[in-house]
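Asks: Using the hints, position chains B, C, D, E and F with the ligands against chain A.
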Amino acid sequence: MKKLEIIIESVEKRKVCRLLDQIGVSGYTIIDNVLGRGSHFTRSGTELSEIMKSSLIIVVEKDEIISKIIDVIKNEVLKFYSGKLFLSEVQIIE
Amino acid sequence: MKKLEIIIESVEKRKVCRLLDQIGVSGYTIIDNVLGRGSHFTRSGTELSEIMKSSLIIVVEKDEIISKIIDVIKNEVLKFYSGKLFLSEVQIIE
Amino acid sequence: MKKLEIIIESVEKRKVCRLLDQIGVSGYTIIDNVLGRGSHFTRSGTELSEIMKSSLIIVVEKDEIISKIIDVIKNEVLKFYSGKLFLSEVQIIE
Amino acid sequence: MTNFISDAIQNLATPMILFFVLGFISTIIKSDIEIPQAISKVLAIYFMIAIGFKGGVEISKTGIDISLYNAIINSVFIGISTPIVAFLILKYIGKIDNINSGAISAHYGSVSVVTFVTAISFLNSKSIDFSGYMAGMMALMESPAIFVSILLVRIFSSQKISTLKSNFIDLLKESLFNSSVVLLFGSLVIGLIVGEKGMTSVKPFLVDPFNGILTLFLLDMGMIAGQRISEFKKVGFFLSVFAICMPVMSASITILMSSLFNFSLGDTFLFSVLAASSSYIAAPAAVRIALPQANPAYYITMSLAITFPFNIMFGIPLYFSLINYW
Amino acid sequence: MTNFISDAIQNLATPMILFFVLGFISTIIKSDIEIPQAISKVLAIYFMIAIGFKGGVEISKTGIDISLYNAIINSVFIGISTPIVAFLILKYIGKIDNINSGAISAHYGSVSVVTFVTAISFLNSKSIDFSGYMAGMMALMESPAIFVSILLVRIFSSQKISTLKSNFIDLLKESLFNSSVVLLFGSLVIGLIVGEKGMTSVKPFLVDPFNGILTLFLLDMGMIAGQRISEFKKVGFFLSVFAICMPVMSASITILMSSLFNFSLGDTFLFSVLAASSSYIAAPAAVRIALPQANPAYYITMSLAITFPFNIMFGIPLYFSLINYW
Amino acid sequence: MTNFISDAIQNLATPMILFFVLGFISTIIKSDIEIPQAISKVLAIYFMIAIGFKGGVEISKTGIDISLYNAIINSVFIGISTPIVAFLILKYIGKIDNINSGAISAHYGSVSVVTFVTAISFLNSKSIDFSGYMAGMMALMESPAIFVSILLVRIFSSQKISTLKSNFIDLLKESLFNSSVVLLFGSLVIGLIVGEKGMTSVKPFLVDPFNGILTLFLLDMGMIAGQRISEFKKVGFFLSVFAICMPVMSASITILMSSLFNFSLGDTFLFSVLAASSSYIAAPAAVRIALPQANPAYYITMSLAITFPFNIMFGIPLYFSLINYW
Ligand SMILES: Nc1ncnc2c1ncn2[C@@H]1O[C@H](COP(=O)(O)O)[C@@H](O)[C@H]1O
Ligand SMILES: Nc1ncnc2c1ncn2[C@@H]1O[C@H](COP(=O)(O)O)[C@@H](O)[C@H]1O
Ligand SMILES: Nc1ncnc2c1ncn2[C@@H]1O[C@H](COP(=O)(O)O)[C@@H](O)[C@H]1O
Ligand code: NA
Ligand code: NA
Ligand code: NA
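Chains as they are written, first to last, in my numbering: chain A, 191 to 284; chain B, 191 to 284; chain C, 191 to 284; chain D, 2 to 327; chain E, 2 to 327; chain F, 2 to 327.
Same shape as in the complex, but just chain A (with noise of 0.2 angstroms):
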């Protein structure tokens, strides 16, 4: 098994959500109001709107559904949106 951990603009919550539903993963976890930096701009939360923040989603599937939720991300998401992806090995007990 592995494990997926996208950190992604939580504008774009709904939308990663909305994809991982049309793939048909078995389920995920989401942790928002994720700050942090990278190589676009600084995520510090302040703002009124939701720009800049982050949200951390994490799935945890069989490799093909992996392969599979990391090809359409790139497409429909990181193409626009800073985002990162990380992927680990992980074993599911329950």
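Check before you lean on any hint, since a few could be wrong.
[Said to hold, decoys possible] Mimicking DSS-like on lysine-lysine, the simulated pairs with C-alpha atoms at most 30 angstroms apart in a straight line are: (1) Lys31(E) - Lys269(C); (2) Lys203(B) - Lys42(D); (3) Lys252(C) - Lys192(A); (4) Lys203(B) - Lys252(C).
[As the list claims (entries may be wrong)] Far from chain F by the CB rule (all over 10 angstroms, computed), these chain D residues: (5) Ala9; (6) Thr28; (7) Glu35; (8) Asn179; (9) Phe206; (10) Pro210; (11) Ile230; (12) Leu240; (13) Val249; (14) Phe315; (15) Leu323.
Note that these hints are calculated values from the structure, not bench results. Beta carbons are placed, not taken as given, at the ideal position from N, Cα and C, and that holds for glycine.
Replies: Chains B, C, D, E and F with the ligands only, in chain A's frame:
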């Protein structure tokens, strides 16, 4: 060392912490207000009660203790509540 | 690539970010309002000051940079403050 | 009948109800209005403090008399009988399994603070008095239904219900000392101690902006209810009908019962609203602990997305006219 | 001229503006004051409800007449012409690329609720009346500029702009039913329905503490603006000048335009403030979805850290004296 | 003596204190009441703005005279002497190590906003006046004790204290520009500028609901204090006694000192309360940065769970009767 990520309904948080204390883990970290979707119902976290939210509890421990935790959580918590356990390799630096 | 998870008292967050910027990491992600228990005191996060809360900082970087971070954090921060460093393998997809 | 209609229209045309409708609509059209949960939580606390405190001050003025004992008897009776009736209907007419029947009846036996607050605001607009201890009656009616329902599940289930001991302790804490009970009773006692003199110092916060703050809170409740509405189809026909008929029935029975005690118009009305109202804060948390096998999509959706809107929009004027024009 | 100076000083010496300055300074000296985002969000909602509702109640008193149609025409005209003018200036004088020109003009064509609220508080302090429907005009002016700007980008860009279809749907939702539009229109309609009678019950919350709450909100806005100021150098000279001249120009044109319609002093002033104000809640979110290639450091910093402070501190008295002493 | 008892009972029977007690009890019985931190934070900000602003408006009415200079001298004296006395007692009588002695004396030398606010509410209930600048005095007394305490630790520690340079810079920022100092001084200056005219516009928010909001805040403080009580045993006997005797001693010395200056009854009382109060917002954060080796379980628990409740429940009437009936 192993890292166990426990995603549990927030109503069960106090109980899980109690169990971890009883087992005698050296520590744990809790991220509250986690949302998500799994096979049961969508945790959108909008209700006034806590029941539609999850907590993510991270425990890093030796393999034996992790096995014990898994056993206890499976028997005492996951029989009745939805929740997920993800296990991975990790190194404690300090 | 390695993922370093830094759990640090919230009062030290600004300093750790400053150190990471100085080292020249390519980015980091911060989850605030993290609670927990370790060997020191229970962070229940109920006080009006920030001292009973943690921040979880995630850095994904090349091995050399991660070693540097570990060095700096150990010397400049963990000598005086409680905190934990967890290291694991990860793959950057994008 | 014409009176009911005019009352209903008048009730629907208050800012509170209209903001509830606005919240509901805004969710349906997927607007991005977001009232942070921190605010919802503190508003709920505000209302419990405000009505508890005001009730206590009222009692300090009028003193305690025989009617209080009657009110307590009535409350306990309602708190115990409503979940039993609900359970039997669900099990035998609705053919719902024991556990979900118990879970749902716990909600309909318990009470809703916001429904009660809206009813008070309705009475105020008509300048009708009610007893100070009614806030205490609400606190009394929060928990019994939860225990009664669990008991019913245990009695009717042939196979052992696997509620763990540790869960039962959590449940006891959750139910006896849940925030509504503690805040309502606590504030009532405080109001009783400080009396009218203490009231003057806090009136600009606890009394004057009450209706206005209710407006904001009902906007939020409208959105919460609206979000649940997508789960509507999971609830099914029988339970949807139940979610509307059960409150009307509870209110009617309560009005009959209360007439035995000769309560004032305001008190009778508030009793009927309490009986009709279903819990969506205390009960879900308690039931999730006590009956984890029950499906939350049923009880939360019914209570929050059907019964609550029905009660504040149509139930309140309906129960009022039932009392008046029977 | 002396009138402008005395107005400006008088405006600067209100608690609201001074708390804005305090917030700004506190961020510069790196104080750790922190107003949680949950509070900022609910305060923004409070102001939209309060002005929408009050506007509706006013309309219910005066009724609707020809001036409303004029006001709608004026609003739509401003909402469409401002972004076009801004876009052309940015593109041809500033040599800014199409996408960033479009992103910025969307902000300057849209409106700022807090600037509007501060202007209302300025009018109140001078006891100058304005029409109830002005809150509705603000709601009308929120979204058109966003669509106009995107259209301009598409027209002027030779290579295909790669906005995805799914993004366009998100954008539509975000713009048409964004929280300001729904809350302002919704509250206005509610105010219209309940009229003055409904007002009495919510006045202690929606009217009386209005200025005081604005004080707290502007402290927060001062901090938010102050935090952006570090991005100032990224914005550059031309855009900084634009962020001050554009509002003055929009206000001036609007004052001329409005004189054709014979609006009251208060209404003309509010129209000029709306035209001059730039959005920093609705537009950033919409633009981030519609034009992700644009640089947020430009539009957020300009709108929040330059135009907004300029408007509430100097713009408001300036536009007022332009109208009066022209 | 009978006066003290009647004052104490009267103080205990205010809604504010009773809600504090309710919060405390609710935590002991493990009720699930939860006031979100976002609310606690904004309430703390509200009180600093409200008392700072009101103080400034008062000064604008009365002007500045010689008593202000006396008050500043008195404040600085208290701010420097209290931590020295505390440190010596802790080190030589309590045999506490240097670092923890320093950490604790920083807290007792600094001040508590909520204790001050409760004292003001006590004065108001007795219609006793106090000077507008007292809010400024509180701001003055926030930080000196922190620096004095760190200096004491450095002087008395033979081995080098390993505070890093970068930490010292953080500390300076944290102490000089911490939120209380900036908000109190800032609001005071704003109040001074806008005067009584500015007050009218914000009174319904910053003045009228003051006591009521304090009620909610003290409910929260009661819960925070109650949660700390489980750490009580870690504090030990000596420190527990210290946490009650130190404030009484500080207040007594201050009353003597203040009598040299001929301050009014209200001012003397507020000085004594400030001296007696111990910090639990600014000092913990600063001390955690400056003296990380000190044990937070000591200083937070003492300050929050012993001294704070003692002061608002018994200290306030005690210091008042000390002044009156000495
Ligand atoms: N090396 C990294 N380690 C951890 N998080 C990162 C890293 N780089 C970027 N991020 C996160 O991804 C977000 C977007 O990054 P970017 O697209 O580079 O601006 C940042 O705001 C961070 O939260
Ligand atoms: N495949 C998954 N990846 C990540 N998180 C998951 C996954 N499945 C479930 N979860 C999380 O676990 C919670 C409970 O899942 P479930 O018991 O399947 O309803 C969900 O609300 C998610 O937060
Ligand atoms: N074994 C562990 N697993 C996960 N998190 C831990 C562990 N030990 C400590 N922590 C986290 O690190 C923080 C500081 O730990 P300590 O320095 O041991 O007090 C705790 O509050 C926890 O949030
Ligand atoms: Na009921
Ligand atoms: Na504009
Ligand atoms: Na002190």
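Asks: Please go over all the hints and tell whether each is borne out by the structure.
Replies: Against the structure, the hints:
1. Lys31(E) - Lys269(C): holds (26 angstroms)
2. Lys203(B) - Lys42(D): Since the Cα atoms of Lys203(B) and Lys42(D) sit roughly 19 angstroms apart, the hinted pair holds (cutoff 30 angstroms).
3. Lys252(C) - Lys192(A): holds (20 angstroms)
4. Lys203(B) - Lys252(C): The given pair, whose Cα atoms are some 36 angstroms apart, is violated under the 30 angstroms limit.
5. Ala9: holds (34 angstroms)
6. Thr28: holds (22 angstroms)
7. Glu35: Correct as stated: the minimum Cβ-Cβ distance to chain F is 14 angstroms, above 10 angstroms.
8. Asn179: Label violated. Min Cβ-Cβ 6 angstroms, cutoff 10 angstroms.
9. Phe206: The claim breaks: Phe206(D) does not keep its Cβ more than 10 angstroms from every Cβ of chain F (closest is about 2 angstroms).
10. Pro210: violated (8 angstroms)
11. Ile230: Given a closest Cβ separation of 26 angstroms, the condition holds.
12. Leu240: Holds, because the least Cβ-Cβ distance between Leu240(D) and chain F comes to about 28 angstroms, which exceeds 10 angstroms.
13. Val249: At roughly 32 angstroms from the nearest Cβ of chain F, Val249(D) sits farther out than 10 angstroms, so the non-interface label holds.
14. Phe315: At roughly 32 angstroms from the nearest Cβ of chain F, Phe315(D) sits farther out than 10 angstroms, so the non-interface label holds.
15. Leu323: Its Cβ never comes within 10 angstroms of chain F, the nearest being 35 angstroms, so this holds.
When the structure is compared with the earlier hints, violations turn up for hints 4, 8, 9, 10 and for no others.
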